[in-house]
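A.B. asks: For chain A, the structure is supplied; the task is to place chain B on it using the hints.
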Amino acid sequence: MKKTQTDVLPAEGGPGDGPLLAVDDLHVEFHTRAGVVRAVNGVSYTVNPGETLAVLGESGSGKSVTAQAIMGILDMPPAVIPKGQIRFKGTDLLKLSEEARTQVRGQRIAMIFQDALSALNPVFTVGWQISEMFRVHRGMSKSDAMKKAVELMDRVRIPAAKQRVNDYPHQFSGGMRQRIMIAMSIALDPEVLIADEPTTALDVTVQAQIMELLAELQRESQMGLILITHDLGVVADVADKIAVMYGGRIVEHAPVYDIYKAPAHPYTKGLLDSIPRVDQKGQELYAIKGLPPNLLNLPKGCAFHPRCPFRQDNCQTDAPPLYEISGTRGSACHYWREVLDGERQ
Amino acid sequence: MASGSEAILQVRDLVKHFPLTQGILFKKQVGAIKAVDGVSFDLHKGETLGIVGESGCGKSTLAKLLMALERPTSGSVLINGRDIAKARGAELKRMRRNIQMVMQDPYTSLNPRMTVGDIVGEPFEIHTEVAPKGDRRKKVQELLEVVGLNPDHINRYPHQFSGGQRQRIGIARGLALQPEIIVCDEPVSALDVSIQAQVVNLLERLQNEFGLAYIFIAHDLSVVRHISDRVGVMYLGKFVELGKDAEIYDRPAHPYTQALLSAVPVPDPEGREQRERIILQGDPPSPANPPSGCRFRTRCWKAQEICAEEEPLLQIRPGIGHESACHFAETHDVVHAG
Numbered sequence: 001m002k003k004t005q006t007d008v009l010p011a012e013g014g015p016g017d018g019p020l021l022a023v024d025d026l027h028v029e030f031h032t033r034a035g036v037v038r039a040v041n042g043v044s045y046t047v048n049p050g051e052t053l054a055v056l057g058e059s060g061s062g063k064s065v066t067a068q069a070i071m072g073i074l075d076m077p078p079a080v081i082p083k084g085q086i087r088f089k090g091t092d093l094l095k096l097s098e099e100a101r102t103q104v105r106g107q108r109i110a111m112i113f114q115d116a117l118s119a120l121n122p123v124f125t126v127g128w129q130i131s132e133m134f135r136v137h138r139g140m141s142k143s144d145a146m147k148k149a150v151e152l153m154d155r156v157r158i159p160a161a162k163q164r165v166n167d168y169p170h171q172f173s174g175g176m177r178q179r180i181m182i183a184m185s186i187a188l189d190p191e192v193l194i195a196d197e198p199t200t201a202l203d204v205t206v207q208a209q210i211m212e213l214l215a216e217l218q219r220e221s222q223m224g225l226i227l228i229t230h231d232l233g234v235v236a237d238v239a240d241k242i243a244v245m246y247g248g249r250i251v252e253h254a255p256v257y258d259i260y261k262a263p264a265h266p267y268t269k270g271l272l273d274s275i276p277r278v279d280q281k282g283q284e285l286y287a288i289k290g291l292p293p294n295l296l297n298l299p300k301g302c303a304f305h306p307r308c309p310f311r312q313d314n315c316q317t318d319a320p321p322l323y324e325i326s327g328t329r330g331s332a333c334h335y336w337r338e339v340l341d342g343e344r345q
Numbered sequence: 001m002a003s004g005s006e007a008i009l010q011v012r013d014l015v016k017h018f019p020l021t022q023g024i025l026f027k028k029q030v031g032a033i034k035a036v037d038g039v040s041f042d043l044h045k046g047e048t049l050g051i052v053g054e055s056g057c058g059k060s061t062l063a064k065l066l067m068a069l070e071r072p073t074s075g076s077v078l079i080n081g082r083d084i085a086k087a088r089g090a091e092l093k094r095m096r097r098n099i100q101m102v103m104q105d106p107y108t109s110l111n112p113r114m115t116v117g118d119i120v121g122e123p124f125e126i127h128t129e130v131a132p133k134g135d136r137r138k139k140v141q142e143l144l145e146v147v148g149l150n151p152d153h154i155n156r157y158p159h160q161f162s163g164g165q166r167q168r169i170g171i172a173r174g175l176a177l178q179p180e181i182i183v184c185d186e187p188v189s190a191l192d193v194s195i196q197a198q199v200v201n202l203l204e205r206l207q208n209e210f211g212l213a214y215i216f217i218a219h220d221l222s223v224v225r226h227i228s229d230r231v232g233v234m235y236l237g238k239f240v241e242l243g244k245d246a247e248i249y250d251r252p253a254h255p256y257t258q259a260l261l262s263a264v265p266v267p268d269p270e271g272r273e274q275r276e277r278i279i280l281q282g283d284p285p286s287p288a289n290p291p292s293g294c295r296f297r298t299r300c301w302k303a304q305e306i307c308a309e310e311e312p313l314l315q316i317r318p319g320i321g322h323e324s325a326c327h328f329a330e331t332h333d334v335v336h337a338g
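In the order they appear, the protein sequences are chains A and B. Taken in order, the first sequence gives residues 1 to 345; the numbers are from the numbering used here. Taken in order, the second sequence gives residues 1 to 338; the numbers are from the numbering used here.
Hints are computed from structural coordinates only; laboratory data are not their basis. Wrong hints could be hidden among the right ones.
[Claimed, not checked] Capping the alpha-carbon separation at 20 Å, the derived lysine to any residue pairs in SDA-like fashion look like this:
(1) K148(A) / P190(A)
(2) K289(A) / K244(B)
(3) K289(A) / L206(B)
(4) K281(A) / E247(B)
(5) K281(A) / N201(B)
(6) K64(B) / D250(B)
(7) K289(A) / D229(B)
(8) K244(B) / G282(A)
(9) K289(A) / E247(B)
For reference, chain A alone in the conformation it holds in the complex (with noise of 0.2 Å):
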């Protein structure tokens, strides 16, 4: 990054104005030999304190992008930032200094990764992991920040921390180091954190316990939480509010309820058609025909027409904008009053 960006940092403390974390109209692109890959066009959201937003969406529609931009760890060239704002407390993190954006990151705004395994480092200790925060941050002593650890595990409910603050990672199963992630996360009090696929990697019954770890830290800290996610069933239990992607844009964003009563965007309805149901055993499951888009070479008009069953001519030329359907609910579909009216299948 260039130096001319401003040094001053956003206010500490209160919550202030606005909201926490305002994401708007971000674009990201990747310049790479076979093309521009547009993952990222933009897309805006806001997070408030306390609550969580939850990000949709399969592989490649951006959700992991726009969160590697907000933590401003994404490896810029090949990425590019061409457009957008990533406003926190009202300042834009795009126009920070590096030196500056580094205040913010792992302190101000946290991420806990999907694979705890590769995010570990191997050769490290993971009570020297987790103290490296508080000597690097704070500039704690050694034998200061390794008590630290100690009680971070605690936190994050890890049997018998004492002993085990000199193991490392591989000693660890699953779920234990994805709750070492977290406590390195939330080492520093972060006032948003972004969760990446934080149980993809886990089963049912330890992602039980990490969604409960990270709804109790939340309540203690008031911590906006990003939570990026494929599954529609973590959503709808923890959400307060939900958008989703899909091509690198928000096609729809609502308040969780609203959004599993009666979706807007076909793409949506189609998810939540394709859960499997019990009254539908036996029969064919709905499934949304056709593939994600290449971001290399997105279709024209909508990004979702080619696979849309509520598809008419416009739609291939005319890309819809973000259409507001209340104040709290948009959805980026020409026929959304259609997809709204129709029945669940």
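C.D. replies: Just chain B, lined up with the frame of chain A:
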């Protein structure tokens, strides 16, 4: 789908222990990972048996034993009355024709240097009697068509296909030898949500068309319920409960099954605060050193002294219509949302 016909696959007291050794020159056995420890079930023609359980419970080892990719420590796997676990050489090769496998990860289970035609046609190289040489290309194209792929893509390589299409290639390879049984080890878990339903539909259509019997191993409980006629729940190398899909899902009797089902998030936010949820503490114990008596007792809220002393057998218990392995089994009505 399940018929009253006799079982084409009978598994009896199947055990697989992997030895734990110490020392380099003089290896001595210091213990064993009890991956599969006494599993018995029948599979009928055209039936689907779903197997669910946490990772490390022995599901995949069980699949390998059925395919004779691993030799069991004891017990038998009878396919049409003959034991594949004891078969050798030409007999084993003949028996393998009848049981095929679809792997979990379509990205690593296909050789990137082989064309789709070579991958799907490879079984014919080994079992030359199924398709004579001049006939193979046509056969492969037929198979591609059956699984919903374009037969003209026979010369393409795996990387030119999406995940869902690759899984179809894997299924076509499994079908090539016209087996009666297909073992599906997590066939949809690596796929995107919108693609999973397509592959599940394909598997169901093929079952109806060819009268296939499936062993369907998965951790997505709603998919397992959709496709299975019967479901077995595994914990630390043993079945803890086995019954028809409705019996397991609506009236589970084993505490582990109840906990497992309650942990599955319901895709409907309505009433989420009131939902009853059993959250198990901790992780499953190590299969190298399973607890005495009932293996689930260390995480069970019903555990009493007898659970540590006496191992509960998988059997039909009073008041319950299906087999369960718990001293204190009682059915528990699950109210589904939606």
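A.B. asks: For a C-alpha distance cap of 20 Å, please report whether K289(A) and D229(B) respect it.
C.D. replies: violated (27 Å)
A.B. asks: Given the proposed pairing of K289(A) with K244(B), does the C-alpha separation stay at or below 20 Å?
C.D. replies: violated (31 Å)
A.B. asks: Measure nothing beyond the straight line between the CA atoms of K64(B) and D250(B); if it is 20 Å or shorter, mark the hint as holding.
C.D. replies: Violated, at roughly 30 Å.
A.B. asks: Does E247(B) sit within 20 Å of K281(A), going by the straight-line distance between their CA atoms?
C.D. replies: Cα-Cα ~14 Å, so holds.
A.B. asks: Hey, K148(A) versus P190(A), does the alpha-carbon distance stay inside 20 Å?
C.D. replies: holds (16 Å)
A.B. asks: With a cut-off of 20 Å on the C-alpha distance, tell me whether K289(A) and E247(B) pass.
C.D. replies: Between K289(A) and E247(B) the Cα gap is close to 33 Å, so the pair fails against 20 Å, i.e. violated.
A.B. asks: Regarding the pair K289(A) and L206(B), is the alpha-carbon distance no greater than 20 Å?
C.D. replies: Status holds; Cα separation ~19 Å.
A.B. asks: When you check the alpha-carbon spacing of K244(B) and G282(A), does it fall within 20 Å?
C.D. replies: holds (14 Å)
A.B. asks: Between K281(A) and N201(B), is the straight-line Cα distance small enough, at 20 Å or below?
C.D. replies: Holds - the C-alpha atoms of N201(B) and K281(A) are around 12 Å apart, at most 20 Å.
The earlier numbered hints that this structure contradicts are 2, 6, 7 and 9.
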